[in-house]
Every structure is written in C-alpha cells, then in structure tokens.
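Student: Chain residues, written in single-letter form:
2 protein chains.
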Amino acid sequence: MPKKINMADQFRGKKVLITGGLGFIGSNLARKLVEFDAKITIVDSLIEEYGGNLFNIDGFKDRLRVNIADVRDPHSMAYLVRDHDYLFNLAGQTSHMDSMTDPDTDLEINCRAQLSILEACRRHNPTVKIVFAGTRQIYGKPDYLPVNEAHAIRPVDVNGINKMAGEHYHILYNNVYGIPACALRLTNTYGPRMRVKDARQTFLGVWIRRIIEGETFEVWGGDQLRDFTYVDDAVEALMLAATSDEANGRVFNLGGFRPFSLNEMADLLVEKYGGGKYQICEFPADRKQIDIGSFYSDFSSIRESLGWEPTISEAEGLAATIKFYQAHLKHYL
Amino acid sequence: MPKKINMADQFRGKKVLITGGLGFIGSNLARKLVEFDAKITIVDSLIEEYGGNLFNIDGFKDRLRVNIADVRDPHSMAYLVRDHDYLFNLAGQTSHMDSMTDPDTDLEINCRAQLSILEACRRHNPTVKIVFAGTRQIYGKPDYLPVNEAHAIRPVDVNGINKMAGEHYHILYNNVYGIPACALRLTNTYGPRMRVKDARQTFLGVWIRRIIEGETFEVWGGDQLRDFTYVDDAVEALMLAATSDEANGRVFNLGGFRPFSLNEMADLLVEKYGGGKYQICEFPADRKQIDIGSFYSDFSSIRESLGWEPTISEAEGLAATIKFYQAHLKHYL
Chain G
489 MPKKINMADQ FRGKKVLITG GLGFIGSNLA RKLVEFDAKI TIVDSLIEEY
539 GGNLFNIDGF KDRLRVNIAD VRDPHSMAYL VRDHDYLFNL AGQTSHMDSM
589 TDPDTDLEIN CRAQLSILEA CRRHNPTVKI VFAGTRQIYG KPDYLPVNEA
639 HAIRPVDVNG INKMAGEHYH ILYNNVYGIP ACALRLTNTY GPRMRVKDAR
689 QTFLGVWIRR IIEGETFEVW GGDQLRDFTY VDDAVEALML AATSDEANGR
739 VFNLGGFRPF SLNEMADLLV EKYGGGKYQI CEFPADRKQI DIGSFYSDFS
789 SIRESLGWEP TISEAEGLAA TIKFYQAHLK HYL
Chain U
489 MPKKINMADQ FRGKKVLITG GLGFIGSNLA RKLVEFDAKI TIVDSLIEEY
539 GGNLFNIDGF KDRLRVNIAD VRDPHSMAYL VRDHDYLFNL AGQTSHMDSM
589 TDPDTDLEIN CRAQLSILEA CRRHNPTVKI VFAGTRQIYG KPDYLPVNEA
639 HAIRPVDVNG INKMAGEHYH ILYNNVYGIP ACALRLTNTY GPRMRVKDAR
689 QTFLGVWIRR IIEGETFEVW GGDQLRDFTY VDDAVEALML AATSDEANGR
739 VFNLGGFRPF SLNEMADLLV EKYGGGKYQI CEFPADRKQI DIGSFYSDFS
789 SIRESLGWEP TISEAEGLAA TIKFYQAHLK HYL
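Protein chains in written order, with my numbering: chain G, 489 to 821; chain U, 489 to 821.
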C-alpha cells in the first residue's frame, strides 16, 4: 500500500487547470482544491445540454478563475494550457444517445479537442501533469465480472469509441513525448452538482429529480448490476493520480463498494428519501441496441498502485445527494 | 473450409465504390473487378503525399469511372455512396510519421471522414456492404507472436489510434444499424502500384526504388521479423470479405507465408533483382520511440471463416514487383 499523501501540501499554491470545471466532477474537484489553496482556472463552455452550471461553484467562485472557452477551440486552449502544474482534463460529451444522433459533435469534443489539447501541452507546457477522465463505457458488454483493465475494449456506441481514442492519445503523449499523463476509467459517478435535468450524465440524476418532485421514477431493466462512485471519492482518485508519478502512462478503473442491482439502488434511494415510487420499465428499443447488461469494475490496480478505494457508501452518498438537491434543485432544472 | 466462391459471378454487373481507388491496393482491386465486369466508381483525392496515382489505372481507365473527391467532404460522399452494392473503404492516411507531425489531418481522414461515410451510408444506402482496410499497426508492440485478433490493442502512434477508431466505427454501424460491414487488418502489403517515392506507405517501396536506381538501400534494424502480403492476395481477401455474410461485424488479420527478418527480405530482394546493395542502419531516434520490434500475424481466423490464405510467395511477389517498377518507375517518382 503506498504511503498516504498529504493532498493539501501537494496542491498548495499550485496552478491547476480544469477543463469542464463547471461540470459535475470538475466543480467538486475545484471545491476541494480551493480548500488546499491551489490556483485554479476553470475552462468550460457552458453548453446547455452538458454538465456545466455556474451554480456548481456557488460559495467559492471568488477563489478561482473562470474562463469560458470551448475545448474545441485550439487557439484558446493553446494559450490556456501554459504555465500550469496540473491539467485535469474532464471536458467531454457524455451522452451515449447524443453520440449516436450527432456523432460528429461527439468526435469533435472527445477526439479532436483532446488531441489539440495534448498538442498544445506538447508545444507550450510539456511538463504539465495531465489526468484524463475516461469511462468504463469503452469496455462495452463484459466478458467477465468484475471488469479489470486487461478486459477487451469493445465500445457499443460512438461515444465509447471516441472516449477510447481520447484515452489512447493521452497515454501516447506520455509514452512518446514524456508529457506525464494518465487516465481514470470512471464508472457511475454520482453526488451533488451532477446533472439531474435529464439522463445525459447519469440515470441517478433523473431518479433524484423525480423523487424530489414527487413523481414516479423509471428504472429501465432492473436486474442489471452496476457500481457507483460517490463524487468525493472520484475527486480523491483524480488528485491521487495527479500527484503520483507511478500513475504516468497508466489507466485505472474506479469502482464502488459492491455491485448493486438497479432495483436495489432504487429501493435504497426510496429508503434514504423516506418515500417515493418507481416503476420498472422495458428498455426502450433505441437503447436496447447499446445495452451492456451487468457491469462492475475491479479497481484493485488503483488500490495497489495509488492506495485509492471508495470511502463513502452508497447509503451515505445517496443521503448527501438527496440533501443537496432538496436545497438546490431549482438551480439544476 | 468454406466452399470456393466464384468471384466473377459475385461481382458481375455489381456497383462498386472504392475510396482511395487510385491508390496502391484500391487500384489493384479495381483492376481485378474490371475483369469481372463490375461497375466501378473510384473516389480519390490524389493528394501528393498519398498513394493515389492516375498511372495506377493505366490500361483499364476507360472501364471505370474516376471521381476526384476527398473523403473528408461529407457532401460529395453523401451523394457518392448512393446506389452501390459494395463499398471498399480504403482511403486513409497511412504514414505513421505524418500522423505525429500533423495529428489533426490524420484524425480528419482516419476518424472523421470514416464516421461521415458511415453516416452517409446509414442515411442513403444502408444495405451497402462495406469492407474497411484496417491495419496491424493498431496492435502496437506485441505481447506474443503470432498476433491474433484477440491480442490487446495498444497503438504506438496517432495513426494507430485513429485507424483503431475507424475500424470500431465500422463494426458499430454493423452492430447497431445493420449496415453490413467488416474490417481487414492488413499487414505489410506490397506489389505493383505501391508508393515507392518514399516510405510513407511501405519501406519495401523505397528499397525497390533504390535498387532499380542503382543506389544502396537502407535496412533499419534488420533482425525484426515482419510478414508480407502480396497485393493480389490482399485483393482476394477484400473480395472474399465483401461477398461473405459471415464476415459482417468481424475483423480479420491478414498475414504472410512465414515471418521474414528484414535482413532476409533484403537478401531476397537483392537475389531476385540480380544485384544491389543495402546497408544496415540504426533506427533513427524519431522512429525508435514508435518501434514495435518483431511482428507477424496469425491469420487462421480468416482462413477458417472465409478460406483465405496467401498464395503468392515473397520470392514470386518480389520478382513481379521488381518487373513492374523496372518498366514503370518513372510514373512513381
């Protein structure tokens, strides 16, 4: 087990760039790094359908710099990557359905922009440490469970293919140019500041919105297993990966305490909320084609290499998430 | 072993579109399909640094249609894909070095254009059978030899990452939309009509050019093993994949009779040419970073599924190639 790193020492006074920093995970990361007195610049394009939301930095927005820009703009990015110690590269198109109806936009954001950010770093800041937010989506339908990093990569949608390419670019630039970079394959991350308007980011968002609005929420399928990472744990993994040289050139799965069936998670949500109803639905035809059945990941690699493991249970995490949206739902609709 | 298909019957009168059809493999394919009385349209952009060459269709250019267009142009492609029975999707950027110095162009051709061609097929010709020319380059440095299709995919250059994505798009569109598509992972293909001006397509091209010009050719490294497919065999594989439903949704390695060290291949070339000199060189620093050591592929999957195997030995193939360039070198400089 690697020895415990003091994150506050690691990030104090360091210059940190977060793409997608007004989004769900980026803003939670920024919130943590602000506590550590890091000098943070957030890059976000605030595209309506994506996760960016200015309310996500409410309460600490004066302690960081927000730069509205699109990662697809190579000129802005070429300037913005300069003179930073860390780049958390979290901007992405995350909707699987949108990637099928508009594959070109997905490619622009998840492939071309990634390559152009890496080229910008190569030219203007080759020592910046980059942590890329990948996704378990790239595995596709598992051959075995839990899925470790050696599992075959067989994405079942355009988003998965493009995110796979984006991850590979990062590892390539580490290997060929020595720009220190690594990738985390996030699983179902949830928590305060996630998008709840629709299911573009996570189905849990819509569940929580509906339950708070007093409406029945829909559980598609129900028996499939999934694992869930509370956002604070995901943030911890991002920071560990950033501050570890051992992570360079590597990809790591994140995961949850244990697999939950969707039904079980729905029951837990109702229990934690203290009420609410859901109904089991058939998978819609257009989603069935890209359904992957059960999925949960083996995160022993990051545990052994970086000492990461989930610390916040699904029960605690759901309770905290419900509390956040009970107070702030109107900012997310 | 699948039963032998009569290719002439399969393609007679069929409408065939070949992207990159003025290039090395595309023009050899066109030449064969012309014999079968297929109705061929070639799409090629004749970019100087790529493989397209009008001389490649010399002698049969009146028996097909040439449409100069760039696969990156979605408007032209949306029109051109209509009303064809087969699409051999061979247009690509093939230079590994160029993909590192100009990654964006590689991405435009090998990713974005592929996705837009598939979208064009989905909208305008969803029953067209597509055969995509992939590459063994996507495997990267082998974990074991020979490399079969189950081997991990770890591309070592931008070209490999983008070709990997391009292949995945094809399989995805087969699986999700039912557009029949498959991919062949070509290894070192050689023969008449290959680019010999430089090493952008294959190092064998430069070797043959130099030997005919009476100059010493350079063998980088020398001990690494490679396998070689004569272009007529590659063309046979493309046609088999096109006419087999069993190929749909699958990827197949091609390969050679047996692995050759580069030294051995150089000796064979000198023997077949009846003279010539080469020198062993150290790998240049900029290529060493992306060197993969020995590579040769296991092609038992396509042998079992489609009945393909190499039929033309390296000795025969080199002899035929030398003869071609002795007669026509000036058209390739």
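Read the hints as simulated data drawn from the structure, not as lab findings.
Note that CB positions come from ideal geometry on N, CA and C, so glycine has one too.
Treat the hints with caution; some may be incorrect.
[Unchecked claim] From the structure, some residues in chain G lie toward chain U, with a derived Cβ separation under 8 Å:
1. L595
2. R600
3. I641
4. V646
5. I649
6. L660
7. A687
Student: Now tell me, hint by hint, if it's right for this structure.
Tutor: Hint check:
| no. | hint | result |
| --- | --- | --- |
| 1 | L595 | holds (6 Å) |
| 2 | R600 | holds (6 Å) |
| 3 | I641 | holds (7 Å) |
| 4 | V646 | holds (7 Å) |
| 5 | I649 | holds (4 Å) |
| 6 | L660 | holds (6 Å) |
| 7 | A687 | violated (19 Å) |
Of the numbered hints stated above, the single one contradicted by the structure is hint 7.
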